[in-house]
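Student: Listed here are the chains, written in short residue letters.
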Amino acid sequence: MSKVDLSVVLAGVRLKNPIVVASGTFGFGREYGQFYDLSELGGICCKGLTLHRREGNPPPRIAETPMGILNSVGLQNPGVDAFIEYELPELRKHDLAVIANISGSTPEEYGIMCEKLSEAGVDMIEVNISCPNVKAGGLAYGTKPELAAEVTAVAKAHAGTVPVMVKLSPNVTDITEIARAVADAGADALSLINTLRGMRIDVNTRRPILKMNTGGLSGPAVLPVAVRMVWEVSCAVPGLPILGMGGVAKGEDAAQLMLAGASAVAVGTACFADPYAPVKVRDELAELAAEQGLARAADLTGGVRPW
Amino acid sequence: MPVQQRCTVVEMTPINPTTYWMVLEVGNMVEELGLRAGQFLHVACGEANLLRRPISVALAYPDEPEDTAALIFEVKGEGTRWLARRQVGDTVDVLGPLGNGFAVENGGRYLLVGGGIGTPPLLGYAEAFRQNAVAVLGFRSADRVILEERYREACKEVYLCTDDGSAGRHGFVDAQVRDILEKDKNFTAILACGPRPMLKSVAAVAAEFGVPCQVSMEERMACGVGACLGCAIQIADGTMKHVCKDGPVFDAGEVDWDV
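Protein chains in written order, with the working numbering: chain X, 858 to 1164; chain L, 340 to 598.
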């Protein structure tokens, strides 16, 4: 089998392979970096940052569901300055794209964070307008097109030359409406999907498992939703690069998202079961591309043949 | 530094109707990676269960051809039910060593306080400190009692308590701990593991008598390595710590018991 060229380009950023790890599932790389060199990865979407340190939500924060998990972590993070001082230099010791993920409670906060991160020299900024687990900002920005556009425009205005990728929520009636609004506001790329809001109840205590009552669903259960939404968005805003994610655990899952229109794919929840999941997904994707006689993994992107 | 490893089951014994004693061959985790009692292994429990299950290590020994670790677990749901069906010779996918274990010093004198399925992680400390260890073991009822003989063989004194009085002293372990400390509080530390309300009561008694106390905590966990920030414990200063990375053993004084 001939060797497949795995490199892809996402919003002008070259990734040596299409596999990125998803924000919130991989910290800042330190933990899984104990298992393998982070340079194996195409990139990392870092744990979601806020302007100031956040302690997150009270526990329990995790509930297992059929082929998925609910979480209500609530953006626990050390704050953007601590990231720049302590985490970014560590990540820079490895050869992978560093994508900072940010959440703000006002458009101004997004702007301030973009300025700091652009100055610090991250490769891309992922603007989270879709966290289901925080009260202020978060999901509200991701469900209203005009607010999503406003945040995107502010981020773009403050990010300098660093590409801005906007992370979309699946918790909307029509994701293409938000995608178009964000594209029109100047986004360089889109990432989707964030988690789906869900709930699990202990029938004996009649209490929700999560202390916040509801949380965000991720894992293999959400893959078909992700594939559908990536496909819809890629049709609605052709030419705008997409980082696809949602339940990817195998090379075939990644290939589905790429065929649906993603230029690169993030692996998230699968890491919890298997720390090596991103590396395995990469290798399986390469094998699949080789079996199909493709010269480049990028040739999968948008290749779906809809009926 | 943790590793992912397939481990062979070399012993599988039910020790009460819902609790199993499972011994795994763990490669060189004990000798090379320092695996010890009170830490945990994150065990994959079949393809139908997405998340691994954190199981405390009761005993860990260097051995040939491989080191061994005893995990004692209670069947609580689908994952542990799957685990309970493993047989000698089967292999399980394990991440470890994970977590910290209790901080102990040679020559120390320890009061071990275990409740229910919280008794196993202290067993290694009972067998290490022997005549310098006193154990208080609490269970719901006589039919739930586990490991009593192992503790009696190891420790200087063992006090058994049950919630319903069907074996040992009628009542909770904190009352027994109080009686012990009233006569003798010359312990290096109390090491406690069990349900949160028990830990809270034991921590309160320890604080009253000025005896240092370490508690092993549980919380719903996903990654097990500190990446997902799922298994949070609220700390008295308002910050969060994580069972998998900062624990499972915490200083009782740093935990916010009032949340």
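It is possible that part of the hints are untrue.
[Stated by the list, open to error] Below, simulated SDA-like cross-link-like pairs (lysine to any residue); rule was C-alpha separation at most 25 Å, straight line:
#1 Lys584/L with Val1060/X
#2 Lys1001/X with Pro1081/X
#3 Lys584/L with Ala1152/X
#4 Lys580/L with Pro1065/X
#5 Lys495/L with Tyr400/L
#6 Lys524/L with Ser505/L
#7 Lys415/L with Lys584/L
#8 Lys584/L with Arg949/X
#9 Lys584/L with Ile1066/X
#10 Lys1137/X with Gly366/L
#11 Lys1068/X with Trp596/L
#12 Lys1068/X with Asp597/L
#13 Lys539/L with Lys584/L
#14 Lys415/L with Ala506/L
#15 Lys1001/X with Gly968/X
#16 Lys415/L with Val1060/X
[Said to hold, decoys possible] Facing chain L, according to a computed beta carbon distance under 7 Å, are these residues of chain X, among others:
#17 Phe883
#18 Gly884
#19 Arg911
#20 Pro917
#21 Ile919
#22 Asp952
#23 Asp1031
#24 Ala1130
#25 Pro1163
Bear in mind the hints are in silico, worked out from the structure with no lab data behind them.
We put the CB at the ideal spot given by N, CA and C, even for glycine.
Student: Does each hint fit the structure? Answer for all of them.
Tutor: Evaluated hints:
no.: 1; hint: Lys584/L with Val1060/X; in the structure: 31 Å, violated
no.: 2; hint: Lys1001/X with Pro1081/X; in the structure: 24 Å, holds
no.: 3; hint: Lys584/L with Ala1152/X; in the structure: 43 Å, violated
no.: 4; hint: Lys580/L with Pro1065/X; in the structure: 22 Å, holds
no.: 5; hint: Lys495/L with Tyr400/L; in the structure: 22 Å, holds
no.: 6; hint: Lys524/L with Ser505/L; in the structure: 28 Å, violated
no.: 7; hint: Lys415/L with Lys584/L; in the structure: 23 Å, holds
no.: 8; hint: Lys584/L with Arg949/X; in the structure: 24 Å, holds
no.: 9; hint: Lys584/L with Ile1066/X; in the structure: 22 Å, holds
no.: 10; hint: Lys1137/X with Gly366/L; in the structure: 23 Å, holds
no.: 11; hint: Lys1068/X with Trp596/L; in the structure: 16 Å, holds
no.: 12; hint: Lys1068/X with Asp597/L; in the structure: 15 Å, holds
no.: 13; hint: Lys539/L with Lys584/L; in the structure: 21 Å, holds
no.: 14; hint: Lys415/L with Ala506/L; in the structure: 23 Å, holds
no.: 15; hint: Lys1001/X with Gly968/X; in the structure: 19 Å, holds
no.: 16; hint: Lys415/L with Val1060/X; in the structure: 15 Å, holds
no.: 17; hint: Phe883; in the structure: 6 Å, holds
no.: 18; hint: Gly884; in the structure: 4 Å, holds
no.: 19; hint: Arg911; in the structure: 10 Å, violated
no.: 20; hint: Pro917; in the structure: 4 Å, holds
no.: 21; hint: Ile919; in the structure: 4 Å, holds
no.: 22; hint: Asp952; in the structure: 20 Å, violated
no.: 23; hint: Asp1031; in the structure: 30 Å, violated
no.: 24; hint: Ala1130; in the structure: 6 Å, holds
no.: 25; hint: Pro1163; in the structure: 30 Å, violated
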